[in-house]
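**Q** In numbering that gives the first Met the number 0, the protein residues as written are 0 to 104.
No lab work stands behind these hints: they were computed from the structure. Accuracy of the hints is not assured; some may be wrong.
[Unchecked claim] Okay, derived cross-link-like pairs now, DSSO-like style, lysine-lysine, Cα gap no bigger than 27 Å in a straight line: (1) 11 <-> 50; (2) 78 <-> 50; (3) 1 <-> 78; (4) 35 <-> 78; (5) 11 <-> 78; (6) 90 <-> 1; (7) 90 <-> 78; (8) 11 <-> 1; (9) 50 <-> 90; (10) 1 <-> 35; (11) 11 <-> 90.
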Amino acid sequence: MKHVEVEIDLAKTRTFQVGVVFLEQYHSTTGNFLCKNDEQIDFVAMLDPGKGRISFRTIRDDVDLAVIAQHYGGGGHPKASGCSFTGVTMKAFVYPALQVHTSQR
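Hey, can you work out the whole structure from these sequences and the hints?
**A** As structure tokens, then:
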């Protein structure tokens, strides 16, 4: 699992510690396991390139994934949400997980 800092501008800007993995299935089981075993992360972003989707999971009460997913055009519940790949989500989650650098033009 790659640890990525993601700054999200909600009501106020907050930086989250996100565990990012590539995963096609078992999102709830895997997400809960990873969150329970790594106290440094706020939530897990599970990337499914085949479906072009990101699933978010957390066990923390101070993180509302429904709000975060909505910020990225998705939706869901406070502890389990998701969204689709977009240019913004690629830059926030996919590129850092792959260590891809984009040029600033």
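**Q** Can you name, in rising order, the numbers of the hints this structure does not satisfy?
**A** As far as the earlier hints go, only 1 is violated by this structure.
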